[in-house]
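Colleague: For reference, the chains in residue letters:
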Amino acid sequence: MIEILKDRKKQVFQKGAETGDRGIVCEKASLAGSVSQRACVFCGSRVVLYPIADALHLVHGPVGCAAYTWDIRGSLSSGPELHRLSFSTDLREKEVIFGGEKKLYAALTELIKAYAPKAAFVYATCIIGLIGDDVQAVCKKVQAEQGIPVIPVHSEGFRGTKKDGYKAACEALFRLVVEGGGQPGFPLSINILGDFNLAGETWMIKEYYRQMGIKVVSCITGDGRVDEIRESSRAGLNVVQCSGSMTQLAKMMEETYGLPFKRVSYFGIEDTAEALYSVARHFDDLQVMRKTEELVRSEVNRIYPEVQHYRKALEGKKAAIYVGGSFKAFSLVKALRHLGIQTAIVGSQTGNPEDYEYLKEICDAGTIIVDDTNPLELSRFMMEKDVDLLIGGVKERPIAYKMGAAFCDHNHERKTALAGFEGMLNFCREVYASIMSPVWQFSPARQRRATMEQTFSEEITKAMFST
Amino acid sequence: MIKTETKEEFNLEITSRNFTSTRNACKLCAPLGASIAFRGIEGCIPLIHGSQGCSTYIRRYVISHFKEPIDIASSNFSEQSAIFGGGDNLKTAIDNLRRQYQPAAIGISTTCLSETIGDDVELYIDQYRKSNKDESLPVIIHASTPSYRGTHLEGFQEALRATVETLARGGPHTDRLNLIPGFLSAEDLRHLKEILSDFGIGHTLLPDYSETLDGESWEEYQKLSAGGTTIEAIRAMGRAQATIQFGKSLKGLNTAATFLEGKFGVQSLTLGIPVGIRETDLFFKALKEWSGLEIPQKYQQERGRLVDAYIDGHKYVYGKRAIIYGEADFVAALASWLDEIGIVPALCATGACTGKFKETVLSGLKNCPEEPLICEDTDFADMLDTCRTMGIDMVMGSSKGYFISRKLGVPLVRVGFPIHDRIGGQRILHVGYRGTQQLFDRVVNALIEAGQERSAVGYSYI
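Chains as they are written, first to last, in the numbering used here: chain A, 1 to 467; chain B, 468 to 929.
Hints are computed from structural coordinates only; laboratory data are not their basis. C-beta atoms are modelled at their ideal positions from N, C-alpha and C, and glycine is treated no differently. Mixed in with the good hints there might be a few duds.
[As the list claims (entries may be wrong)] Simulated coverage check for chain B against chain A, where a stretch passes if three residues somewhere in it have a Cβ under 8 angstroms from a Cβ of chain A:
#1 544-553
#2 579-593
#3 848-859
With the hints as constraints, model all of the structure from the sequences given.
Modeller: Next comes the structure, spelled out in structure tokens:
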């Protein structure tokens, strides 16, 4: 049997099990030696800033960090595509010994001259702090010489978790926001925060707001542009999706400019509708509300029959969800309900205590809730719960497939739009296509599950959760 | 129809080469190579000593190619470990791995972080062994793989050397052969084992991830996928008769093969990766001479069919110009093969910095009417800047060169690692007569298809 590591037991919770009302432990560093699905501080920063398409993203350090993040996301741009290139100072032994400042300076200067970006982000990776490079000073010098913002992003991998990387990214973004601060505001206007324009999702959401009569001042960072971010303090409201990464920026803007923010999600029917309504309510404008109602009604009417069609086939199936941010998990639990699919396991890499409390509330009894899980645990839970579907990212996909479970990719690398009403349809189609595929009949894991009544006894379950 | 990029381009004016920075790297970092090598050992779990991100990024990258679970643990450095050393983390990691995976071996590779702070991993392992001396411990292997020194291939080779240094034992020699094939596909490894078995040669292949990274569908989840070179077999490598290693540039380096030779007197032979008739002939010749056995008829027939195919297809390929890129020895092997079928390897590139790449590539060229441009320590952006005016017909290498083929409007024949935009990258066969046959068919057809797509007529009979 696969054992849950002792130090991880409190990060696992089963709703309605005897472990009762205890809170779930989270927001702690992954255990040494566990195969966490999390990444590092650098990843958090890189993932947030990545879609800014007219900025130079230079990764300062040995080559790996830049190589592994080259063109890995489905973030689209309507114009420049500088974000799809990978730049590294590619430090060698010599620079590790004598310092990398000179190389950084030369690299930055050449790249800015060659690519004429609107701003440059310099990501300091693990060893930069150790070898004592003054990244700040180099950035300042290049900024003065080249006349564009050159912003250091302190993202040494070991200095915390992915969340600290989000924070570093928000601080970097805020430097751009401040540059344009103090200009007069726009009426009926918002910033879209925390949507990364995967497969064009930001464009779909922007179109909703256009139809509602709301001006979108900036998208941070989907299809992002430096000048737009500079304008962002002129908006009347920050609408924050992916709250784990972007709430920090929204809070900074609230403190400095009094700009209020709302947390929303564009995944699933209710959450998309609620996102749009909450923005309409905020502006308290009859016209806007009327248009919003029209939009939601016509979109729901458009997609609902097809969703029902899939539901007929999928009713009663069981799913596991393991994603980066817990806000997305909330929406997925609800979206799956529309398909008649019950969430048996749900977890995230970076959820906080309130997130997990909310998950407990919305999930059915028996649902397993996990923080920062690993392949062994996840596969164990999937087996026990006999799930038909796993929603996750690339690292989770082979786990699902080896377990004979269908899979839906809901991570940064996907090339299918899953946000908004159209996205809900795409989501249903993908889930349906994977679950209904005839190939599962050949899967040994599936065959085994079909022939075994109760794979694991209750005692084993109890043992797993005893604290 | 392959379309050329119409979007606004940033780099149209860039003509100068040798940017200080690396733009779109044609290499990966050393712990990636070490982790793949370690997964070729039975029951071995790779452990990367450094930040959490290193193992997660590497897993993601490797999974996207092999489409298989690959668990790579991390010692998960914190700020504390960076200041006071990663010893405690490493020991906790070993404890937790033993508890969860019950591995036969743990393959530790170090990152730039732990190397820079000067962590003495050997000492930590020693301390760990001492404080757990009453327990039966897994084999612990340590490869020093800072990513500021060498590429993923150096990491791969380093892990293998560390493995035999840790495990191989001397004694009376047997009649077995060690084969260290380098970083090839899972299908390549299977084919090499098949060849040796057909010859009737007792052999040990190191590493062997042919099953661990390209396995069957499971009945239940496996902690560590089955397969790999057994610890026992690696121990016995010190008693083998000889070692063959593929990769001409390994000659003279301190590799697993040279270690076995120096320490245990296991004679070593360095060959090129057997792609193409010439290089495969050399491999079969070596096996024949070494074993005193005849080449099995099956392979003589495969060779015969390949010659026949070369002749059938020669007009479609002659004089065509290709860009090839990837690991140094792999590119050298491709260059030699293209040369023998009449394609000009006009640009041969690697991100590695071996110092003898040019010499290695040139040594395989016998027919080429011009000296190709051979660049080491280069990157994909430089390649694109360079090749725009070279009259290129074909790009050959990993999927990371796709944007070059797209910009040039020529086909990409996907080989090597990583293949992130197609299924079955781990099943591409490159080596032997059979592998060459498959490469030849794919190249000829890619060129025919490109011509067909460009044609206004749309012939269905070529």
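Colleague: If a hint holds in the structure, say so; if it doesn't, say that too.
Modeller: Hint check:
no., hint, result
1, 544-553, "holds (count 5)"
2, 579-593, "holds (count 4)"
3, 848-859, "violated (count 1)"
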